[in-house]
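One letter stands for each residue in the lines below.
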Amino acid sequence: MADSSETRVARATKPVSEALLNEKWDRAISSMIIKSSLGLSFGVVFSVLLFKRRAWPAWVGLGFGAGRAWEESDASFRRGDSPVRDLLHR
Amino acid sequence: MLRSTIAPGRQLLSAPARQRIPSQWLSKAGASSRLSNQRFFADSKPPTTGGPTPATPSSESTVPPETIPKPTEQEFKAVPETPAPVPRKTGRFRRFLLYLILTSGIAYGGSIFMALKSDNFHDFFTEYIPYGEECVLYFEERDFYRRFPNASRQQNRIQGAPREDGKSVTIPSKSGLSWNVAKEEEEAGSDVSKAGPHMSSQAHEAHVKTDKAKPEERNAAVIKAKEKASKTTKDTKKEDQRPASLDEPRQPAVAASTIELLKTQDGDDGLVQELVKTFNDIVTVISADENSSKYSAPVAKAKEELLKIGEKISAIRTEAAQAAQEEINKAHNTFDESARELIRRFEQMRETEVAQFREEFEAEREKLAGAYQEKIKTELQRAQELAEQRLQNELVEQAIELNRKYVHEVQGLVEREREGRLSKLNELAASITELENLTTGWSNVIDTNLKTQQLQVAVDAVRSTLERAETPRPFVRELVAVKELAADDPVVDAAIASINPTAYQRGIPSTSMIIERFRRVASEVRKASLLPEDAGIASHAASMVLSKVMFKKEGLPEGDDVESILIRTEHLLEEGNVDAAAREMNGLQGWAKILSKDWLGDVRRVLEVKQALEVIETEARLQCLRVE
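Here the protein sequences come in this chain order: A and B. For the first sequence, counting from 1, position 57 maps to 57 in the UniProt record's numbering; every step adds exactly one. For the second sequence, counting from 1, position 99 maps to 99 in the UniProt record's numbering; every step adds exactly one.
No lab work stands behind these hints, which were simulated from the structure alone. For clarity, every value in this text was computed on a predicted model and none was experimentally measured. Glycine included, each C-beta is placed from N, C-alpha and C at the ideal position. Treat each hint with caution, since some may be false.
Stated by the list, open to error - Cβ-Cβ distance ranges computed for the label pairs, FRET-style:
#	chain 1	residue 1	chain 2	residue 2	range
1	A	W56	B	T502	56 to 62 angstroms
2	A	W56	B	I515	54 to 60 angstroms
3	B	N577	A	I33	42 to 48 angstroms
4	B	A580	A	I33	42 to 48 angstroms
5	B	V545	A	I33	16 to 22 angstroms
6	B	A542	A	W56	29 to 35 angstroms
7	B	N577	A	I29	36 to 42 angstroms
8	A	I33	B	T502	36 to 42 angstroms
9	A	I29	B	L607	37 to 43 angstroms
Only chain B is shown next, with the shape it has when bound in the complex (with noise of 0.2 angstroms):
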């Protein structure tokens, strides 16, 4: 019946929960549907709810199938709550953090591991990554005590040691060295600025003052005894306080009051004082005795006696002091006298010295008085000297001066005299040189004068081979000859430049050979005088033939045909006119110019080396002329 009560509920408590629970499981585990779905190898083997399993066909397994997935079933409706990309992303995000962090772990420790090993490493690490120092000091303390397991015990032994006394050590304000002797002398007034008896001559009264001013300090030791006595008697007094409240009633208080003590002047003496105590105490010892009464009288006369004594002491002390006085009044009247005789003494030395020193300061005036005098003297001797140096040398530069101009002057004089006739004489030398100039100009004349002549019979030697020869022949040693005399005369040089170096290797034909050559030429460009431009062998024939059967003209024909300018051409060769002729000539066309070609270039060789014999011959007629 319980248990069926609480079972339900059981349940309902616990549903919720367990729905939550694996809900939260999964979602941090990751994927949920993976997990729902797949198995790992961790994993035990989820039942095969569909179909019976191989191994066990009859299943005989004690829990039935439908009954296991209950929980996954409840999963399934867990996951479908949650929406799905929301554990995606916090699984993501975790797995993100989860590296990062194990990353950052991993780096810190192997920086930490590399910091421990290199100093290098260290220093970077400690300074630039945040808590590296922190990390690195902890590891190194970690080491440190590893090594040393006993250090930190031992420290803290040290430590210990004084906190165990507890007492804190102090050094008392007193002690060390101090500018004060003694703190008694100190308050008995051992400083110089208070009144004492170096400072005032009335010591001893001084002394007195004080003793009296301050017994009490004085007498230290006798007040203690009071006090002790004073103890005593308050301990009795006590005593007798108690012994009447309490236990002893033994003791008499009637005893004290036998014997009165001895009272004491305030003017008395010290010494009255000391024995009057000493007496006192024991008065007090006696009266404190049981038989003190029969003590009362001897103790009455020695009282008597004591103050007769006291009395007496104080006499003493006053003529004492009487007579003290007395000694020092006539040691001050003593010393009176004597400072009065010093200062007569000191009076008369000064006198004495002013006296002395009056007469040395005069002595020392009139010697200073002298010197200056002196000084003066010989101050306006050197004036009057230099005045006459000075003098002196103006004289002698006015002398310097005088004789100075006067050289001058017959200098002037003596040079006047001499370029006068100098001059003359530069006169003679200048036309000396211009006639020796005129001399070497007319050898010039005569130089250049042998030199065109020269040149001339060089041009004529060179013309005559050219005229002379019967058949071409070379004239280069001639031509050698010519360009040596005329020494590299410009226009000669242009002049054998201009001729055509076969010219004078080979040689040139006279104009007998040229006029008998054109005759040749004439008849073969009379064969070809018909030809047309392109013509073949039929036509050449045809010329040929024709040629001969045609009529030659006869004196100055006028016209372009081949037979009109070869008449002129002879004609012109006749009379002696080469150039004309060879101008004649150039004016032919086609096969006619063609064969008369070489005698064209012949005759214009010949034209040019006769052109640069006429220049030559010309410059050095020239230079004949422009030397006169």
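If we strip away everything but chain A, and leave its shape as in the complex, we get (with noise of 0.2 angstroms):
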């Protein structure tokens, strides 16, 4: 019971300060995953739909996914000890 209250609250507030690299490096594998594969969906369907099938569409808009991901992660991991947000909330 008072664990579950403890974590409760520390995930209201704000994460634990050891547990504030960990976290950075969660968000920064999930945004890259996501990122990642949005641009590389995208990169198919108009490789599809423009560009006759070809591969190297899919491989730009992977690109493209990656290198956001990787821009926003290093921020967040340059910022320091401030609690990772999204672009939203901030």
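Make one complex out of these two single chains by using the hints.
Here it is as structure tokens:
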């Protein structure tokens, strides 16, 4: 009981300081996956629709997504101890 | 011929006059040039000298155009003679004067009108404006005369009436009341200061004397008659003279000398004189008559008779005077006698009265002496009484003094005795109060002991709750109990205030929990130990990977690197020195410090609570010590 309440409180306010890096890593990886997959899918769609099923648009899309995710996570790591937040919440 | 001779003379005479006149007229009028040049509505149209008039092109005018402007030419000649600015100046000055007079006249007129209308302005105007009063008075007078035209005439009539009479009313000097009864009486000697019958005893004689002295005044009527007679005689004389001179030679002058007038002696009486006068009158009448010679004999007889009568009368008078004198003498004698008698009586009376008064005086003196003696006696008695009283008073005072002294002595003795015993009683009371104080002090000591014990128990309870807890638990109730027991002890209050509120609201972790958490924190810090200052995702990944392959240090390494600090802290924690461990961890930098921040906060709270509890405990102990 007490444990659950403590965790809940910690999540509500602020992550514990030692878990800060881990969270950042989590967010970085998830955003990497999501954005690269999104880019890939956009690339696939474009290659199918416009480029006669060529391969390079899909790679380009993947690169876009991965690059975006990399940038975001890099910025979040550089920001230091401030908790990771989405751009909308900021 | 004549005309021709005169004409140049006239011209000569008139020329300078003419020259002067227009110039003066112009200068008076003002701007001459304007007058000469301009034409006004009132002026007659000047004849056009230049060309023919439009109405009559063939100019049949009787006067040739050359003749008319001659006076104007003269004017033009005259104008330059007088300097141009002078008339202007005078003109301006005159205009100014005219305006001044006009305005002042209007102002005066208006103000007079106002003054006649309103009293207030009238007062102001008459008081402050020069000649204002006169003006207003003149107008008021005019108004008055216009309203009452008859007023002035009536006034004249009233004034004129006495003038016409002419005579001024004079009051005669004798009119009115005066102090004297009549002038004749005054002259006769009614004045009190003058000698009269009321002054002297010889009134009769005086009367006679006065009669003798002023026979004329006494017999004013007689004198008048005499005068008349003399007048008549004069008249007759005049008549005598007149016929001699003029018309009447008829009356003879001899008749008067035929009968001699009776001569009177000076010493004769008034009566006799009167008789003589009447007789004389008769004689004169007779002598005036023509037939005086007839009456001469009887008249002579009568004269003799009269003389006789006069002598008789004088004799009778002398006799009467003698008799009166005798009577007077007799009366004098009788008066003298009576006076002597009176004096004698007076003397007798006086003697008797003197004797009486002396007797009375003696009696009075005796009385007064007796009264004084009595008074003296009473005063002496009173003095004696007073002296006795005083003596008695002194005695009484002495007795009172003695009594008082005695009482004082007795009181002093009694009080000395009483103080001797009372002081002992006071000592006893003091010892009792000391004992009471002691007992109360002991009770206080017991109370404080109890309090401190309770405080210690409460502190122990807090500590036990902190140590026993598996998970952090709030200990607000225990702290409240401690605070209540401390009963606003400043030290305890300060200690409790120093604790972070989150510490007792959420509880603090136990040492074992802190160590456990430190292990977690240490692993995380090790991951981030190789990170540079501003690290991106790549450096983070690198440090994560590389930290896995790093060697762990053993023992107590020296140095400021993260690994050695972590190891030292772990050692200290194992030893149980939380304070030193916290200090070690505080030396971390960068990401390591950020990661270990929460743990450090926890440790700090724990330390605060521990310190506060220690303070409270020491305070309680100190109180226990202080009581004893």
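Cβ separation of A580(B) and I33(A), checked against the hinted range 42 to 48 angstroms
At 45 angstroms between Cβs, range holds.
Within 56 to 62 angstroms or not, the Cβ separation of W56(A) and T502(B)?
Since W56(A) and T502(B) have Cβ atoms about 58 angstroms apart, the given range 56 to 62 angstroms holds.
V545(B) and I33(A), beta-carbon distance inside 16 to 22 angstroms?
20 angstroms, holds
A range of 36 to 42 angstroms was offered for this pair. Does it hold for the Cβ distance of N577(B) and I29(A)?
40 angstroms, holds
Can you tell me whether the CB distance of N577(B) to I33(A) sits inside 42 to 48 angstroms?
Since N577(B) and I33(A) have Cβ atoms about 46 angstroms apart, the given range 42 to 48 angstroms holds.
Outcome of range test on Cβ distance (I29(A), L607(B); 37 to 43 angstroms)
38 angstroms Cβ-Cβ, so the 37 to 43 angstroms window holds.
Does the Cβ distance between I33(A) and T502(B) fall inside 36 to 42 angstroms?
The hinted range 36 to 42 angstroms holds for I33(A) and T502(B), with Cβ atoms some 38 angstroms apart.
Determine whether the Cβ-Cβ distance between W56(A) and I515(B) falls within the hinted range of 54 to 60 angstroms.
57 angstroms, holds
A range of 29 to 35 angstroms was offered for this pair. Does it hold for the Cβ distance of A542(B) and W56(A)?
This hint holds: roughly 31 angstroms between Cβ atoms.
Violation of the numbered hints given earlier is absent; every hint is satisfied by the structure.
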